[in-house]
Amino acid sequence: MFEGTARAVDDVSFFLDRGEVLGVVGESGCGKSVTAQSVMRLIPEPPGKIVGGRILFDEMDLAAVPLERMGSIRGNRIAMIFQEPMTSLNPVYTIGNQIAEMFQLHRKLSRKESWKRAVEMLAKVQIPAPERRVYAYPHQLSGGMRQRAMIAMALSCDPEILIADEPTTALDVTVQAQILDLMMQLQQDYETAILMITHDLGVIAEISQRVVVMYAGKVVEEASTGTVFADPKHPYTHGLLRSIPKLGDRSAGDRQRLAEIKGMVPGLLALPRGCRFHPRCPEAMEICRERLPDLFSVGPGHCVRCWLYGETSGETETG
Amino acid sequence: MATYIARRLIQGVIVLLAVSMICFLIFRYMGDPVLTMAGRYATQQEIEEVRRAFGLDAPTHVQYARFIWNALHGNFGKSYVSRVPALGLILERFPATFELAATATLLSFALGLGLGVMVSLKPYAWQNRLVMAGSLGGISTPTFLTGILLIMIFSVYLGILPPYGRGETVTIGFWRSGLLTLDGIRHLILPAVTLAMFQLAVLLRLTRAGMREVLTEDYIKTAWSKGLSSRKVIFKHALRNVMIPVVTVAGLQFGEVIAYSIVTETIFQWPGMGNLILTSIFETDQPVVVTYIMLAAVIIISINIVVDILYALLNPKIRYD
Ligand code: SF4
Chain W
448 MFEGTARAVD DVSFFLDRGE VLGVVGESGC GKSVTAQSVM RLIPEPPGKI VGGRILFDEM
508 DLAAVPLERM GSIRGNRIAM IFQEPMTSLN PVYTIGNQIA EMFQLHRKLS RKESWKRAVE
568 MLAKVQIPAP ERRVYAYPHQ LSGGMRQRAM IAMALSCDPE ILIADEPTTA LDVTVQAQIL
628 DLMMQLQQDY ETAILMITHD LGVIAEISQR VVVMYAGKVV EEASTGTVFA DPKHPYTHGL
688 LRSIPKLGDR SAGDRQRLAE IKGMVPGLLA LPRGCRFHPR CPEAMEICRE RLPDLFSVGP
748 GHCVRCWLYG ETSGETETG
Chain L
76 MATYIARRLI QGVIVLLAVS MICFLIFRYM GDPVLTMAGR YATQQEIEEV RRAFGLDAPT
136 HVQYARFIWN ALHGNFGKSY VSRVPALGLI LERFPATFEL AATATLLSFA LGLGLGVMVS
196 LKPYAWQNRL VMAGSLGGIS TPTFLTGILL IMIFSVYLGI LPPYGRGETV TIGFWRSGLL
256 TLDGIRHLIL PAVTLAMFQL AVLLRLTRAG MREVLTEDYI KTAWSKGLSS RKVIFKHALR
316 NVMIPVVTVA GLQFGEVIAY SIVTETIFQW PGMGNLILTS IFETDQPVVV TYIMLAAVII
376 ISINIVVDIL YALLNPKIRY D
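Each protein sequence line maps, in turn, to chains W and L.
Quick note: the first sequence, position 141, residue 588 per our numbering, numbers continuous.
Quick note: the second sequence, position 82, residue 157 per our numbering, numbers continuous.
These are calculated hints, taken from the structure and not from any lab test.
Ideal Cβ positions, reconstructed from N, Cα and C, are used throughout, including at glycine.
Do not take every clue at face value.
[To be verified] Below 20 Å or equal to it, Euclidean Cα-Cα: the simulated SDA-like pairs (lysine to any residue) are:
no.: 1; chain 1: L; residue 1: K311; chain 2: W; residue 2: L489
no.: 2; chain 1: W; residue 1: K555; chain 2: L; residue 2: K311
no.: 3; chain 1: L; residue 1: K311; chain 2: L; residue 2: D293
no.: 4; chain 1: L; residue 1: K307; chain 2: W; residue 2: N523
no.: 5; chain 1: W; residue 1: K555; chain 2: W; residue 2: C604
no.: 6; chain 1: L; residue 1: K392; chain 2: W; residue 2: P538
[As the list claims (entries may be wrong)] A few chain W positions that, by computed beta-carbon distances, are all more than 10 Å from chain L:
no.: 7; residue: D464
no.: 8; residue: E474
no.: 9; residue: A510
no.: 10; residue: E578
no.: 11; residue: S589
no.: 12; residue: I708
no.: 13; residue: E733
no.: 14; residue: E737
Make a model of the complete structure from these sequences and hints.
Written out as structure tokens, the structure is:
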């Protein structure tokens with residue numbers, strides 16, 4: 448067993464169990480992607496920097512290992528897929544080349560053997576005619592196919608963790624569902640832990656067991672997926688849930704208007720004092736403007752960063 | 076691919092026709108070669124004889140048609156001055172110019188790419204700021220000044236490199252090469268560096284700008300996330316994308332350098348085409364000038380086609396239809 452703690456954005460702390468699917472949800476700009484990229488040390492330094500905090504992976508602190516050693520972890524033990532399948536594959540190399548590269552690098556396989564394995568990977572992600580598609584350049588594939596190729600590449604060295612940063616956001620709805628199904632299936636085959644980063648609670652509902660809700664660089668609620676949907680505590684989580692269409696509603700003629708959360712995520716340079724959500728929060732109280740709430744525990748594995756739950760429970764858990 | 080090249084060739088022929096017409100007209104009405112040839116003290120009758128002998132008494136369109144017809148047969152007429160075929164005269168000078176241009180282009184390409192990558196990786200290191208300042212100097216110093224400065228330093232003060240001429244050459248078939256003797260190479264250094272200087276600055280800046288842009292691309296993030304070494308990320312994943320515009324510009328520059336190395340060749344008394352053309356213009360040697368312009372057009376058009384093909388080879392998104 449291993450445990451990973453990412454304290455990257457601002458005191459963000461969560462763990463990921465082996466083989467678990469953890470969803471990280473929040474509006475764009477809330478620090479989800481930064482967190483994910485910090486785990487891989489992909490934030491360019493300068494300007495980015497990890498100040499303090501640890502990223503524990505298999506008893507190793509990824510925030511502290513020299514960058515050269517990240518080479519044997521990136522791709523090999525922690526892999527990543529990105530939002531834009533259009534731009535995240537190199538346009539001047541065939542996808543076969545880009546997948547085979549993984550086997551050459553981490554498995555020290557010969558060129559020929561690596562290409563053979565690349566074809567196998569493409570077959571695993573259900574790309575038709577993989578023995579021909581290995582020679583395709585990214586621009587010759589559709590968005591969904593490209594994302595499949597990205598997944599093939601990411602899973603090729605059987606990583607322990609797959610970080611998926613909005614992997615379906617740029618795709619058509621039907622393709623989104625296919626990609627999610629594929630990820631679920633591969634997750635079971637490979638027993639890979641997935642860190643699913645998304646703004647889409649629908650994706651979370653489909654794929655993840657636990658959810659971390661982030662707002663303006665902070666974790667505001669953490670619970671199992673079932674709990675979040677059945678018994679959300681944080682006003683921000685409420686808002687997120689109200690802003691997604693319920694399943695089955697889509698076909699109904701009398702569509703309800705979807706609620707939206709008023710206002711915008713604050714910029715990181717102009718964070719409000721106190722609870723960062725208070726300018727948009729319908730429940731805001733006096734104390735919210737003054738002091739940042741701690742993460743209060745409200746049930747087994749369920750924490751909320753909100754003053755509404757602080758006084759009642761009494762127990763505090765600092766994040 | 077074949078149709079693509081064919082189409083480019085047809086375009087090339089049209090451009091050539093236009094070029095031929097323009098230079099024919101310009102030289103028809105600029106200066107009178109007959110006076111040059113017959114001499115200043117020739118009588119009217121002698122002048123008429125010369126005019127007839129060279130076919131210059133016929134109407135313009137007849138002269139033009141005759142010119143094209145002959146050009147198609149590789150006959151561009153004889154130099155009015157030296158009375159030998161103009162094409163031969165120019166082709167004889169071609170190897171000198173080609174070797175100079177090729178050396179300069181290779182030099183600037185290698186250095187431009189290398190320095191550009193280096194600078195882009197650590198833009199704020201002092202060495203790299205120095206390189207960038209130097210390249211600004213390189214871009215803004217006119218070629219003749221660079222050439223003269225280099226001669227002053229390396230030939231006059233230090234006395235280690237010859238200031239002019241091509242040195243010892245070796246002839247292989249029709250090709251007179253200066254690259255095979257030490258003396259020839261020593262003579263090549265200063266003019267090649269001079270010619271490379273301007274191109275270098277452009278290529279360096281292009282590489283740097285390209286690298287800085289490409290390094291922020293998503294696929295570079297992907298490459299890092301795969302665990303590749305920085306060498307692989309930079310030289311395999313980033314540079315190949317940066318090369319596309321750099322190769323294009325270097326190729327076009329190569330064409331220009333062949334065709335227009337006039338200033339450098341004059342400074343270093345390099346026995347190439349540029350030097351010849353300057354003399355010919357002074358002497359109103361119409362056939363030589365016209366042939367040269369036509370040849371320059373042919374060279375630039377063919378290099379453009381080669382560059383297009385290279386571009387397509389580097390960039391899989393280009394298709395030929
Ligand atoms: S702490 Fe206050 S402002 Fe923040 S979410 Fe809770 S109620 Fe709203």
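Do the hints match the structure? See the list:
1. Distance check on the hinted pair: K311(L) and L489(W) sit about 18 Å apart at the alpha-carbon level, within 20 Å; holds.
2. Taking the CA atoms of K555(W) and K311(L), the gap is near 18 Å; set against the 20 Å cutoff, the hint holds.
3. Distance check on the hinted pair: K311(L) and D293(L) sit about 15 Å apart at the alpha-carbon level, within 20 Å; holds.
4. As the CA atoms of K307(L) and N523(W) are separated by approximately 16 Å, the hinted pair is consistent with the 20 Å bound.
5. Between K555(W) and C604(W), the direct Cα distance comes to roughly 11 Å. Compliance with the 20 Å bound is thereby established for this hinted pair.
6. Among the hinted pairs, K392(L) with P538(W) is consistent with the structure: their alpha-carbon atoms are about 8 Å apart, no more than 20 Å.
7. The beta carbon of D464(W) sits about 22 Å from the closest Cβ of chain L, which is more than 10 Å, so the claim that it is off the interface holds.
8. Every Cβ of chain L is farther than 10 Å from the Cβ of E474(W); the closest lies at roughly 21 Å, confirming the non-interface assignment.
9. At the 10 Å boundary, the C-beta of A510(W) stays outside the reach of chain L, the nearest C-beta of that chain being 16 Å off.
10. Listed as outside the interface, E578(W) is consistent with that label: its C-beta sits roughly 19 Å from the nearest C-beta of chain L, beyond the 10 Å cut-off.
11. Its beta-carbon lying about 15 Å from the closest one in chain L, S589(W) satisfies the requirement of being farther than 10 Å from that chain.
12. The beta carbon of I708(W) is kept farther than 10 Å from every beta carbon of chain L, the shortest such distance being approximately 28 Å.
13. With a minimum CB-CB distance of about 44 Å to chain L, E733(W) clears the 10 Å threshold, and the non-interface call stands.
14. Remark: the non-interface label on E737(W) is consistent with the geometry, its nearest Cβ contact in chain L lying 40 Å away (cut-off 10 Å).
In this structure, every one of the numbered hints holds.
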